[in-house]
Amino acid sequence: MDYNSMKAIIEGLLFVVGDEGIDVKQLSTIIEVDRNEVEDIICDMQGDYKREKRGMQIVQFGDTYQLATLPEHALYFERLVASPNHSTLSQPGLETLAIVAYKQPITKIEIEEIRGVRSERPINKLISKGLIKEVGRMETVGRPILYGTTKEFLDYFGLKSLDELPPPPDFSNLEEDESLLLFT
Amino acid sequence: MDYNSMKAIIEGLLFVVGDEGIDVKQLSTIIEVDRNEVEDIICDMQGDYKREKRGMQIVQFGDTYQLATLPEHALYFERLVASPNHSTLSQPGLETLAIVAYKQPITKIEIEEIRGVRSERPINKLISKGLIKEVGRMETVGRPILYGTTKEFLDYFGLKSLDELPPPPDFSNLEEDESLLLFT
Amino acid sequence: MFVSYQIKLDTFEGPLDLLLHLIEKEEMDIYDIEVSKITDQYLQYLHTMQTLRLDVTSEFLVMASTLLSIKSKMLLPLHVEETDDYYLNDDGIDPREELVQRLIEYKKYKYLSETLKEKELERHRIFTRSPSDLTAYFVEQEQNPVEGISVYRLFDALEKAFIKASYRDPLTKIEREEISVQEKMDQIIQLLHEHQGIIYFSDIVLIRPSRSEIVVTFLSILELMKQNKISCVQSHAFDDIVIHESPSKGVIEHGLQ
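Protein chains in written order, with the numbering used here: chain A, 18 to 201; chain B, 18 to 201; chain C, -13 to 243.
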């Protein structure tokens, strides 16, 4: 199969999977080339899309790729589609999610200790939205559930991997006068 | 707006509308050029797609345009649906499927009321996996789509009929007398 | 029929959030909290919540007792003499230490949730599409999409969904109709202008007396106080709150000399 045909097939596959995305391994099996080559082709395609000023881009979360529109065209799509993506998370949801993202795996009790309030509802809501999931049990009394983020979490925030999370601020080492500025 | 930007925006629009397609009039309103020009641009784009050996094509039904895959790629889509990763159900998918299975026929709004979150994505995924389908329309304002499980759903779970599903959990009593306390 | 509404004040996620707000408002150093002052303000706030018959959850009460306990520890005569550190206990630990650590930890995640919010909004500017209906491509020996998932897991999923639905906040629907804090703030300022700069709390809530409206009104007042646009006086518990337009702010706004 020639290089351009592979590009076309990958484009077609990315198109049909939509927001579900497709991972390197699947692409590699379907078009029967090895994973590194798949990654190279996609990288190349990302360049093509930019150079040819196409109306879409290939974005990556985890090892999964998907087609998406360009942020600068947002205005035109907002006129047209009520995207299911567009319900934003509530403050309790975001706080809970931030704690899970940075401290995973983590139990409900630990989340509640940090937030200072019961957190069952935001946890359940995040599970329903597919942003966090059970990742195991803690080997202590009661074997509490441990939560972690999902792949959809990365997609939801447009992150390639957890390493792309913004670095946590360090409020503890600050000199007193500096900290004053931060807390105003 | 320059010609290439218009092409990019049209491509983006065709992409997000998916299988519903978009008609000339809508395109004309959104990008604010007249209908003849829209038709010319799309005709031009159809040429680009062929010449550049892209993985998609723009097809036309009456006044409506939509992006579609190429028939010669069918083999790869068959491999896609057969690939093991394509089949895994996420928690939101499983939850949505359970609700459809037990409460069918059911509308999207009713599913969302039970789940407490928007459910467009899991519903679409379940359709693409052949587990649920449109089974009719509700005779109320807006005629919302009713969803039900498919014959394949029964096959996959090894059921002869829906009667073989385990009896649904009964929460009717709890809802009345302060169920809150029980689940804390 | 009496319905116990589970209203939570939007701006405060819990006692830690409220405390951070109070500390910031007073421009205190988080490492050197004036416990006595903060405790008074905290209790006052809880009191106002109760006056408005808003649900004061147990977490708020637990924090109140924590604050009172720290306050009393700090009032105890010191056993250790000749020390610069005023507030050290016998064991050399500042009674505020644990609370400060919790506040800093919470503040960290509150900050991170804000950065996530920005990422969320950024991501929402790009769109994708639903997967295509690929059923046409299913071939004879197709993969079972629910391989390994038993019908009982389906049942479990439904059960979980029902349980979650049963304790979902009954106010979700009302929240959607709520007017925003900003709108309410504008209304209050407008009313103050119309009434020579003095109004009663009861005046503003009587306009539309739904409970969510009360919450929004209350939050608007807190915000206006924070911005020094108004001041409030409540002479006795359960008395009506008198709202004054802040004179200095008025002068600036109207450009008077």
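Hints listed in this document are in silico derivations from the structure and should not be mistaken for laboratory results. Do not take every clue at face value.
[What the hints assert, rightly or not] In silico lysine-lysine, DSS-like type, Cα no more than 25 Å apart, as pairs:
1) K212(C) / K59(C)
2) K120(A) / K11(C)
3) K24(A) / K67(B)
4) K168(A) / K103(C)
5) K120(A) / K212(C)
[Claimed, not checked] Chain A is faced by these chain C residues, among others (derived, beta-carbon under 7 Å):
6) P1
7) I112
8) D172
[Said to hold, decoys possible] Examples of chain B residues lying across from chain A (beta carbon under 10 Å, computed):
9) N21
10) E28
11) S45
12) V76
13) Y93
14) P101
15) I162
16) P185
17) P186
All C-beta atoms in this analysis are idealised placements derived from N, C-alpha and C, irrespective of residue type, glycine included.
Verification of the hints:
no.: 1; hint: K212(C) / K59(C); in the structure: violated, 30 Å
no.: 2; hint: K120(A) / K11(C); in the structure: violated, 30 Å
no.: 3; hint: K24(A) / K67(B); in the structure: holds, 14 Å
no.: 4; hint: K168(A) / K103(C); in the structure: holds, 18 Å
no.: 5; hint: K120(A) / K212(C); in the structure: violated, 33 Å
no.: 6; hint: P1; in the structure: holds, 5 Å
no.: 7; hint: I112; in the structure: holds, 4 Å
no.: 8; hint: D172; in the structure: violated, 22 Å
no.: 9; hint: N21; in the structure: holds, 5 Å
no.: 10; hint: E28; in the structure: holds, 3 Å
no.: 11; hint: S45; in the structure: violated, 12 Å
no.: 12; hint: V76; in the structure: violated, 13 Å
no.: 13; hint: Y93; in the structure: holds, 5 Å
no.: 14; hint: P101; in the structure: holds, 9 Å
no.: 15; hint: I162; in the structure: violated, 15 Å
no.: 16; hint: P185; in the structure: violated, 19 Å
no.: 17; hint: P186; in the structure: violated, 16 Å
The structure shown violates the earlier hints numbered 1, 2, 5, 8, 11, 12, 15, 16, 17.
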